[in-house]
Structures are given as structure tokens and as C-alpha cells.
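These protein sequences, in sequence, are chains A and B.
Mapping the first sequence onto the numbering used here, position 146 (from 1) lands on 146, and the numbers just tick up by one.
Mapping the second sequence onto the numbering used here, position 55 (from 1) lands on 55, and the numbers just tick up by one.
None of these hints come from the bench; they were simulated from the model.
On a predicted model such as this, the values are computed, not experimentally measured, just so you know.
Any given hint might turn out to be false.
Said to hold, decoys possible - So these bits of chain B aren't anywhere near chain A, every CB distance computed over 12 Å:
1) Val-21
2) Thr-74
3) Glu-105
4) Lys-119
5) Lys-126
6) Gln-131
7) Ser-135
8) Lys-137
9) Arg-141
Claimed, not checked - With a straight-line Cα cutoff of 20 Å, these simulated EDC-like cross-link-like pairs (lysine to aspartate or glutamate) come out:
10) Lys-42/A <-> Glu-296/A
11) Lys-247/A <-> Glu-361/A
12) Lys-115/B <-> Glu-62/B
13) Lys-15/B <-> Glu-399/A
14) Lys-393/A <-> Glu-30/B
15) Lys-306/A <-> Asp-82/B
16) Lys-2/B <-> Glu-30/B
17) Lys-343/A <-> Asp-47/A
18) Lys-119/B <-> Glu-130/B
19) Lys-162/B <-> Glu-193/B
20) Lys-106/A <-> Glu-157/A
21) Lys-179/A <-> Glu-192/A
22) Lys-162/B <-> Glu-35/B
23) Lys-144/B <-> Glu-296/A
24) Lys-179/A <-> Glu-150/A
25) Lys-192/B <-> Asp-176/B
26) Lys-59/B <-> Asp-71/B
27) Lys-118/B <-> Asp-139/B
28) Lys-76/B <-> Asp-47/A
29) Lys-394/A <-> Glu-77/B
30) Lys-59/B <-> Asp-255/A
31) Lys-25/B <-> Asp-225/B
32) Lys-306/A <-> Glu-77/B
33) Lys-122/A <-> Asp-143/A
We treat Cβ as the ideally placed atom computed from N, Cα and C, and that holds for glycine.
Chain residues, written in single-letter form:
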Amino acid sequence: MLITLAWRNLWRKKRRTFITVSSVMFATILAILLMSMLSGMKDQMVDSLVRTSTGFLQVQDALYFDEPSMDHSLEYGEEVENAIEMHSGQISFTVPRIQGFCLASKEISSRGVIVTGILPEKEDLMNNLSSNITEGSMFGPDDSFAIVAEDLARQLELNIGDTIVLLGQGFQGMTAAGKYPVGGIIRFFMPEQNNTMVYLPLQEAQWFFVAPDRLTSLIIMTDSEEEVAPLAESLQSHLDDEWYAVKTWEELMPDALLAFEARDAQVKLFAWVLYIVVGFGIFGTIVTMVYERLREFGILLSIGLKRWQLATICLLETLFISFIGVSAGVAAGFPIVYSLFVKPIQLTGELADVMIDMGIEPIMSFSIAPGIFIYQAMSIFFIALIVGIYPVKKVFRLEMVSAARN
Amino acid sequence: MKTVIRTNNLSKVYKDAAAPVHALKNVSLEFIQGEFTAIVGPSGSGKTTFLNVIGGLDKPTEGSVVIDGVDIATLKESQLFDFRLRHIGFVFQSYNLIPVLTATENVSFIMLLQKQPKKEMERRAKEMLEQVGLSDKLDVRPGKLSGGQQQRVAVARALASKPDFVLADEPTANLDTESAFNLLDIMARLNKEENITLIFSTHDQRVIERASRVITLVDGAVAKDEAFDR
């Protein structure tokens, strides 16, 4: 009976209910679009960031994270192989790397560089590295030439066919020294990569660092970011933590994590400003509905309706308005978000340039994670509940006689 | 004859005005089951206040109201809600039906609150609407009924739950002559058939002429209490 009364009361003034429901609906659509866009862009940024740098997970020597030197490189042996094999269902692919700081020079020019030994086919799986080659070609397994980052090549005046001399610290105090022909120039979005990266075939780099069969990191990629934490925990439990450390991208890039957390906080703040605006919209309607019906409330209480029953009717009316508005908002918002998820917006102009500089594909991605829709619905319901306190309070404080005379 | 309501030295003072207003002064009355009483008096004489106090909607400043042996001043608010629901029917000047419910639902409303069985409720609502001549308006909402018809639904609602007494605050004030006579005929008939005590506050001579007892209030005090054989 209370539900029937509340429901029918909503339609006593259809236009007002329609306007309120519409305002809740449009706010929900806006909130969903906003959160979907921000969440999609965050996913995209995380994905771009991890693919162009650390990967989702890395297996390292236990001491490498604190003291990244070749002496703390990892022996890629049976224990690591077994642990990887045991988790093959959760792992998309692995990417072995050996990496060290060196001095690169050509004639009288020299620069500090990062020499990285890679397997090109694995890197291509991770970030399509070969597609960034602007001159020359990517090396094959039997080649022994270097690929040099574009800005570094310009600084050292290196062209295809020139020789680059590399000097650094090898494994266990050995000198890492070698000269390699430049077989390719590669372009990176991130300036720090574009100024410092030199790639060698993995085996050649292991020879260069005098560290045969050793890696500084074994990158592990998963299908999604959500799988990273449980996989890291499980992998670590299968590896001796005295020798091996499994690090997530969040541990490897704490600054990036902090930046994402700060951004999330800003997004939530913005979303709550939106919710408060919605809340005031609902509140305005509810206050009007209450004041228009004070006399009726007095009469209902006089003829025998209990205060809690009347309060329930008022609260149900608020919740119905919110439910209809939120449902309509989700129903209308989902197809929009889904179409943007399938076909992201291509960005152009300065914004696109900024994103390219940051190493992020210049598109505006949208997320269709169920959490986005649930979170919006729950938030607006929460606000409706808070707004619903007003008529409840009013009903419990109502003086029947004066209300009935109103 | 059973006494339904007894008031003892009932006083009500409103202190929120610039000077205290004595709305009721030492009103001591008894109402017998089946009586048709009209409370009359000029505006501001305390008629509505008296009905509010004996209906448990307002508390007296002094004195007591005893209904069916219970001093209602001793009841907590939740008990008073239940008490009103089970013992008292109300008819208001402005009909005060629930606009979103049909005539049948409005008449059933009090019985629904009393948690009466659904079938009995429906039977009784239909019966009451037939008695007030609205058997063709069972599923019509108040907005589509005339003032007189709405007041008849209100009377049916007040009587359907078989209360000990019905308080009617100027029920004919907004009705045309024909509707008023019609309503009074119905109420007089139901008063006799159902033996329900009716207490009206009214200015309306047509009501006064039907009442078996007329109590005149002046400045909150009983000026006259007359019985008629009607």
C-alpha cells in the first residue's frame, strides 16, 4: 500500500516528475560519460606507460631494484622457467631484457646512454617497437648491429652504416666495450627515451655485458591490469625471495602511481561536485512536494496513518524518482559509451601533440567497466537517500493540527 | 446507554499568540452511543479545538478526555495513533480524500491500516459506497467527483471501519443545498443503522435541525446543551 501510494503520488504532477527524472537522467549520462572517459584514458595511459617502459610485472634479482647494476642481474634458469610455466595460463607473454648504463661515442662526441638487449619479436608483441624504426631496419636474431634512438643519433651525428662505440660496466667488474654499426634509427614519443636508447640483439648485449644467459629483468605481460597483483603474489610465492623479486609496475614506477592517484582524486572530486548539483535538483523538487502536501500529510496522520508509514512513502517517492532517472541514464548512457569504446575519438592538434610527447596514443578512449555504471547508480542513490532525510524529518516533526489547517 | 466520550474540565490555552487565548474553558460533557450531536457557536468559539482535543489530535492544557474508559492523555503518541485508528472516524470540511486513490481505495484505506482481511475490506468498501449512493463511482478518483460526491466518499471512509464515533468538522460547509441535504440524509440513516455516535461542529442550520443534541459553545465554554427528540 505504501509503495502504491508513493508510486501514484509521483504521477500526480507528471510534468514536474518528468523534469526531475530528466535532470537525474542527464546528470547520470554526464557522470557516466565523464567517468568512462577518464577511466578509459587512465587505462590507456597505464597501458601505454607499461608497454613502453616496465611492463606490468618484472622478475628481477632480489637486489636489482635497490642497486640496479649488472652484478645484480638475474640468472634465467630452471627456477624462474618453472615458475613462469606454472602460471602460463595467466601470462600473455614474457619479454627478456638486459640493460645497463654506458657511454656512447662517435669520434669526439659522446653521450650517456642506456644499452638494452632485446628480442625484437618479443618487444613487438609488447609495444610494436619495430614500427618506430624511421631509418634502416630492426635486427634479426643473427644480426649484430645497433638501433639508435633518433635524438641520440642526431646528437652524435650518427647515420645508417656509421659505427657507435659503447663503453660500460659488465658483469662482476668486467669492462663492457664494443663497437657496432648503426643499422637502424628509432623514434620514441618520450624525449628521455629518444635521447638515450641504444638497442642490441639480446645475445649480443649479453656478450657485450659479459653476462651470458643473464637478464636484468624478465618482463611479464598479462591480459589486463587487474590480473597483475594476484599474479605477482603467486609468482613470488614460487620463487625464493632471497634471490628473486617480483615487482609490479606500480612498485617500479611509484611516481607514476602517485600521479594516477592524484588524478583519480581530482576525478572523484569533480564527480562529487556533479552529484551535489544533482542532489540539489532532487532536493528542490522534494521540498516543493513536501510543502505542497503539508495539509495532506496532516490529514493522513489524523485519519490513522503512522508517521513512519508517511515517512516511508516520502522516502520511496525520492527513491523512485532517483531509480527511474538513474535507470534511464544508464540505459541511455550505455549505448553512447559503448559506441565510443568501440570507436574511440581520434584527437588532433596540440592535445594530440602533448599526448604523443607523453608516449600515449592520441585517442580518447572510453571504458565500459561495469564498476563505472554501478558506481554512478550507487552514488546517486546515496545522494537520494540523503535528500530523502528531509521529508522524513519533516514528517516526524509535523504538528497534525497546524498542518491540517495549512 | 453506553458513554462513548467523557470530558472533564477540559481547557485549552494557546500561548503562542501575543496574549494567551483560552480556546476551551472547563468543558465537561458526556456523549452517549448513537447520539447525533451538533456543536454550534460563532467563529472562534472553540468548536474545532474541541473536536481536535476529543479526537486526540491536540492535547488539552487541563482536564481529561476519556474514551471507552481510556484517558487518552495517558497514551504515548504511537498508542494514540492506534487508538484513533480503531475508535475514531473523521470527516473534514474539505473532504480530504487521497487524490491518487480511487473511491473504493479511499474507503478501504482506514481498514487497510487496521489490517482487516482484504475480502472483508473490499466488501465493506463496496457496501459503504452503495449506501452513500456511489456504487457507480467505485473506481473513480476524487478529482473526477463533485464536491458532494467527494464528501460522501469521506463519510463512507469514516464509517467503513465501524468506529465508536465520527467527528465531522463542518462537513456541509462547502456543499450546495442539495448535496448537503443528501449527505445529511445519508449520515442520519447510517447513524441509526450502524448506531454510530456522530459529533458535528457546524454553523449550518440544516445540520442543527437534524441533530438530537445541540451544544452551544461561546468563548470556549458550554453556553447551552439541549436535547431533541428527532
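Hints versus structure:
no., hint, result
1, Val-21, "holds (14 Å)"
2, Thr-74, "holds (19 Å)"
3, Glu-105, "violated (8 Å)"
4, Lys-119, "holds (16 Å)"
5, Lys-126, "holds (18 Å)"
6, Gln-131, "holds (19 Å)"
7, Ser-135, "holds (23 Å)"
8, Lys-137, "holds (18 Å)"
9, Arg-141, "violated (9 Å)"
10, Lys-42/A <-> Glu-296/A, "violated (52 Å)"
11, Lys-247/A <-> Glu-361/A, "violated (26 Å)"
12, Lys-115/B <-> Glu-62/B, "violated (34 Å)"
13, Lys-15/B <-> Glu-399/A, "holds (16 Å)"
14, Lys-393/A <-> Glu-30/B, "violated (38 Å)"
15, Lys-306/A <-> Asp-82/B, "holds (8 Å)"
16, Lys-2/B <-> Glu-30/B, "holds (10 Å)"
17, Lys-343/A <-> Asp-47/A, "holds (18 Å)"
18, Lys-119/B <-> Glu-130/B, "holds (17 Å)"
19, Lys-162/B <-> Glu-193/B, "holds (12 Å)"
20, Lys-106/A <-> Glu-157/A, "holds (8 Å)"
21, Lys-179/A <-> Glu-192/A, "violated (23 Å)"
22, Lys-162/B <-> Glu-35/B, "holds (15 Å)"
23, Lys-144/B <-> Glu-296/A, "holds (18 Å)"
24, Lys-179/A <-> Glu-150/A, "holds (18 Å)"
25, Lys-192/B <-> Asp-176/B, "violated (24 Å)"
26, Lys-59/B <-> Asp-71/B, "holds (12 Å)"
27, Lys-118/B <-> Asp-139/B, "holds (17 Å)"
28, Lys-76/B <-> Asp-47/A, "violated (65 Å)"
29, Lys-394/A <-> Glu-77/B, "holds (16 Å)"
30, Lys-59/B <-> Asp-255/A, "violated (69 Å)"
31, Lys-25/B <-> Asp-225/B, "holds (15 Å)"
32, Lys-306/A <-> Glu-77/B, "holds (10 Å)"
33, Lys-122/A <-> Asp-143/A, "holds (16 Å)"
Hints 3, 9, 10, 11, 12, 14, 21, 25, 28 and 30 from the earlier list are contradicted by this structure; the remaining hints agree with it.
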